[in-house]
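What follows is the residue order along each chain.
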Amino acid sequence: MSMLAPLERFRLLQRRRLAAAGASKSILLDRFRLLRRRRLISLVPIVAIVIILPLLFSSAYYYRVAALVFLFGIAALGLNLLMGFAGQVSLGHAGFMGIGAYAVAIGPTAFGIPPVLSFILGALLSALVAFVVGRPILRLKEHYLAVATLGFGILLAIVFTNEANWTGGPDGMAVPQLILFNWPLRGAAVWYWILAVSFLVGAVIALNLINSPTGRALRAIHDSEVAARVLGIDVAQKKLMIFVISAVYTSIAGSYLALLDGYITPQISGFLRSIELVAMVVLGGMGSVAGSLVGAAVLVILPQALTLFDEYEHVVLGLIVMGVMIFLRAGIVPSLAAAFGGGRS
Amino acid sequence: MSALSAERLSVAFGGVRAVDGVSFDVAAGIVFSIIGPNGAGKTTLFNLISGLCRSHDGGVWLCGEDVTALAPEDLARRGLSRTFQNLQIFSHLTVIENVMVGRHRHEATGILADLLHLPAVARQNRGTRKAAAEALGRVGLGDAAERSASGLAYGHLKRLEIARALASEPKVLLLDEPAAGCNPVETREIEAIIRGIVADGVTVVLVEHDMRLVMNVSDRIHVLANGRTLAEGTAVEIRTNAAVIEAYLGVRGAREAAGAVG
Ligand SMILES: Nc1ncnc2c1ncn2[C@@H]1O[C@H](COP(=O)(O)OP(=O)(O)O)[C@@H](O)[C@H]1O
Ligand SMILES: [Mg+2]
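Chains as they are written, first to last, in this note's numbering: chain A, 1 to 345; chain B, 1 to 262.
Hints were generated in silico from the structure; no laboratory data involved.
Keep in mind that the hints are not guaranteed to be accurate.
Here are some, though not all, of the chain B residues that point toward chain A, as calculated from beta-carbon distances under 10 Å [unchecked claim]:
{"#": "1", "residue": "D74"}
{"#": "2", "residue": "L116"}
{"#": "3", "residue": "A149"}
To be clear about the criterion: a stretch of chain B counts as covered by chain A if any three or more of its residues have a C-beta under 8 Å from a C-beta of chain A, and this derived list gives those stretches [what the hints assert, rightly or not]:
{"#": "4", "region": "76-88"}
{"#": "5", "region": "123-136"}
Note that the coordinates shown come from a computational prediction; the quantities given were computed from them, not determined experimentally.
Yeah, the Cβ is synthetic: ideal placement off N, Cα and C, and Gly gets one too.
Sequences are here, hints too, so could you generate the full structure?
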């Protein structure tokens with residue numbers, strides 16, 4: 001009975017709300033209510049997976065791989081906001097991973113800044129760098145933007161390699177453990193939960209953005225900058241905004257990677273890493289939140305699974321990626337969603 | 001006070017004088033049409049007015065305010081809106097989302113509110129959607145609201161652009177060939193839509209090749225040829241103007257245009 005009471009109250013409220021809205025009997029508005037409730041629905045399967053997976057894991061190794069999937073899912077999601085939604089390419093996003101990673105490495109060791117604070121400062125530093133670099137770079141379009149961001153990523157990797165006093169140079173440096181409330185974060189299972197929850201938080205924020213005035217403006221810019229401008233959208237400002245947000249996502253993933261591994265080298269911000277992030281976005285599905293995770297899963301899990309092919313590992317991986325792109329042109333999640341009559345992903 | 005004034009607008013592309021010293025005044029609340037052969041410079045003139053293209057000379061005034069050097073987004077915020085001859089649809093968005101983007105200048109949530117989906121954003125979204133649904137209804141696309149914009153037929157996309165521009169609640173609306181590719185029935189519907197827009201007090205500047213439509217709805221007509229002004233006047237004055245008949249209408253066109261009123 002006491003269990004039912006809140007339900008009853010909810011129904012009553014619902015009825016009152018419906019009655020209040022009854023004045024405008026627009027079908028459109030009713031449909032919108034449905035959509036509003038659906039804003040976060042694409043996360044339901046992901047939440048289910050997060051909860052079920054540990055039941056299937058038989059060793060720490062599985063936790064570690066899954067943690068890495070969520071970690072790269074965060075980075076890919078950030079890049080997807082830029083590429084898939086706003087339509088702006090970046091081939092240098094690993095640079096932001098590097099900033100996040102070195103922040104949690106250098107902050108505590110060189111300046112005595114607590115790891116958690118270093119983590120936040122790293123995200124803020126990435127935002128600042130994205131803001132400063134984005135202004136001139138985002139005026140460029142398509143291939144020119146691609147090459148400019150590529151240059152930015154390479155530049156950062158060189159800085160991390162050359163500033164050996166701070167970064168340990170090409171050999172890298174150790175990263176102090178993250179301690180939360182006197183509790184050192186250790187062990188693959190702990191990181192699994194941290195990263196899964198972080199990904200979900202990131203996904204909720206991304207979905208919020210996509211369904212907001214700013215998000216609509218960004219998606220409009222993707223399709224027609226001219227029409228967007230004529231409707232009063234400040235295209236340069238919106239692009240810069242999403243570049244900064246995207247950088248923060250990627251930077252946070254970089255910080256997590258450094259903390260998870262306990263060691264970093266400049267490779268974290270290398271060109272190959274940037275390409276890998278782009279591949280995750282395109283493979284999983286441009287403009288798909290769930291696709292970012294699926295793309296990350298493919299590129300994290302496949303190389304592990306393919307080790308049995310020995311020296312042909314990379315050949316097989318390359319073939320699979322090519323095959324996916326040929327047969328699922330829109331990326332895995334949007335293509336499958338379309339094939340099974342689903343709506344948005 | 002005139003809603004829109006253009007003075008000596010001029011621009012050249014690689015030696016071609018696309019628009020060459022064009023001036024006109026559009027009184028508030030009327031339909032002002034710009035006609036002329038293909039390549040006459042009509043679309044370029046719209047680009048100059050809406051800030052997508054810079055004039056070498058002269059200037060533009062919107063409701064008395066000098067808006068000559070303003071960017072398109074700033075002009076939009078001052079109440080100028082337009083559609084495009086070669087459609088500029090947001091094809092990844094649904095039909096209603098396209099129109100919701102038209103509400104952008106009336107939306108006032110911050111980025112943090114947007115990221116956190118604060119109640120203000122939900123409220124904003126609801127208001128925007130309601131206004132967009134109304135605009136869609138005005139162009140007869142209410143039933144297509146939740147469809148993907150990329151799935152609409154050409155004629156409907158033209159109307160979608162009108163709804164999107166209307167949603168921004170412009171003072172002055174530039175329509176670039178809204179009836180192109182439309183059958184006679186659809187053209188009649190476009191005519192009704194234009195009349196409805198003007199009835200709401202919006203000033204309409206229309207570029208259109210369908211002479212029946214132009215002659216029916218226009219309060220004034222401005223004729224361009226090779227980037228220059230050929231004539232300006234009322235419908236009757238224009239369809240009986242010898243220079244206009246020779247350069248653009250032709251004898252048959254003039255007769256057709258005359259038939260429009262009857
Ligand atoms: N961006 C451009 N670059 C070069 N030439 C252009 C450009 N835009 C228009 N033109 C030229 O300007 C002239 C006028 O074109 P336009 O304004 O499209 O005419 P209309 O809309 O009257 O058919 C044409 O000769 C066209 O080729
Ligand atoms: Mg034209």
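The hints, checked one at a time:
1. D74: holds, 8 Å
2. L116: Holds, because the Cβ-Cβ distance from L116/B to chain A comes to roughly 6 Å (cut-off 10 Å).
3. A149: holds, 9 Å
4. 76-88: holds (count 6)
5. 123-136: Satisfied; 7 residues make the cut.
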